[in-house]
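So the sequences go chain by chain: A and B. Numbering of the first sequence is given in the numbering used here, commencing with residue 1 and proceeding in unit increments. Numbering of the second sequence is given in the numbering used here, commencing with residue 1 and proceeding in unit increments.
Take these hints with a grain of salt, some might be off.
[Stated by the list, open to error] Short, incomplete list of chain B residues facing chain A, as computed with Cβ under 8 Å:
1) TYR76
2) ASN97
3) LEU99
The hints are simulated quantities; they were obtained by calculation from the structure and are not laboratory data. For every residue, glycine included, the Cβ atom is placed at its ideal position computed from N, Cα and C.
Below, each chain spelled out in residue letters.
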Amino acid sequence: GAGVSQSPSNKVTEKGKDVELRCDPISGHTALYWYRQSLGQGLEFLIYFQGNSAPDKSGLPSDRFSAERTGGSVSTLTIQRTQQEDSAVYLCASSHQTGERYEQYFGPGTRLTVT
Amino acid sequence: KQEVTQIPAALSVPEGENLVLNCSFTDSAIYNLQWFRQDPGKGLTSLLLIQSSQREQTSGRLNASLDKSSGRSTLYIAASQPGDSATYLCALTGGGNKLTFGTGTQLKVEL
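Bound-form chain A, shown alone (with noise of 0.2 Å):
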């Protein structure tokens, strides 16, 4: 596709619950990050991937959260036994570096309720 695709788009879960979250970079981007912003917290850095490595985890919050991309490509963040402070927009982005270049492109996002 054009642009990073997420999905679902809303999911709405009960507390305790596991969740997976997934991101469709854009073609050709090596390069993939999630970022989680909820109300009161603006938005934050979770994990980033290098092809399907994670050099960066410094971001995940507790060890509920976990990352995984394959094939340098689709991206799935799961959330095991889900809190309502889990409650928050999370968001996926991809780039393609080049040199300093490293302009980061969003998806839509994935809107999580845990009721």
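With chain A's structure known, arrange chain B on it following the hints.
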């Protein structure tokens, strides 16, 4: 730790006015700075990217400047239109490629 602040937090202007949004940061060791807009319920749209070696970038009615030594960037919007109403975010890339976002400015352009 990099801290990014945007002033004002909210701004309301009449259509046609020129305006400036401000972004300040505490650590000048950055690779680049991006300005985004976010419409309600939507993702982020990249507006301009300024590399650390550049001073400014222009796209249409938008002009962004970067002064690393003073830790400041500005986004200038000329001849504002109601369609410019959105939240504007600046974000910096330092080591590690991750973006550190500012607090955002919510802009409303009124008819």
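Now the hints, each set against the structure:
1. TYR76: 20 Å, violated
2. ASN97: Holds. Min distance 5 Å.
3. LEU99: At about 6 Å, which falls below the 8 Å cut-off, the nearest Cβ of chain A leaves the hint on LEU99(B) intact, so it holds.
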